[in-house]
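With the sequences and hints as input, model every part of the structure.
The numbering of the sequence shown is our numbering, which starts it at 15 and goes up by one.
Simulated from the structure, these hints should not be mistaken for laboratory data.
All of these numbers come straight from a predicted model, not from anything done at the bench.
In this text, a Cβ means the ideal position worked out from N, Cα and C, and glycines have one as well.
Each statement offered as a hint is correct.
Simulated restraints on C-beta separations:
id: 1; residue 1: ALA24; residue 2: VAL119; range: 37 to 45 Å
id: 2; residue 1: ARG128; residue 2: GLN91; range: 30 to 38 Å
id: 3; residue 1: VAL126; residue 2: ARG45; range: 23 to 31 Å
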Amino acid sequence: MTSDLLLDLAAVVSLLLGAFLSLAAGVGLVRFPDALSRLHAATKPQVLGLIFVVAAIALEARSWSTLLALTPVLLFQVLTAPISAHMVGRAGYRTGNFRKELMLVDELEDAVDRATRESERTAGDADSDSDSGR
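Pasting the structure below:
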């Protein structure tokens, strides 16, 4: 077996793994019941699938310039996926788009309650200041 054949075989396997993981992410987005469950489908297999696809392209092209062109795409996705998932998760939690019975531990409940009380208190203070100025 030549090295070209081995690299082509590795590229095919990487591409198939990437396609499978991306498909699993899409199915998870459709099938999971709430926003918090969908976060895992939207980030974990999708990012790993992208890594495999980028590896397949780099193996097939066998060019450093191609790898250098794909590196920012991969870095941007790896850096932004957890941040966007965190923001979507917090929004889903605050709007009630989750199933409490599926949660083992609710670590956000105290923080959200505290923030809600503080915002209500701040809004109440602003209302009383505007009333006294009339």
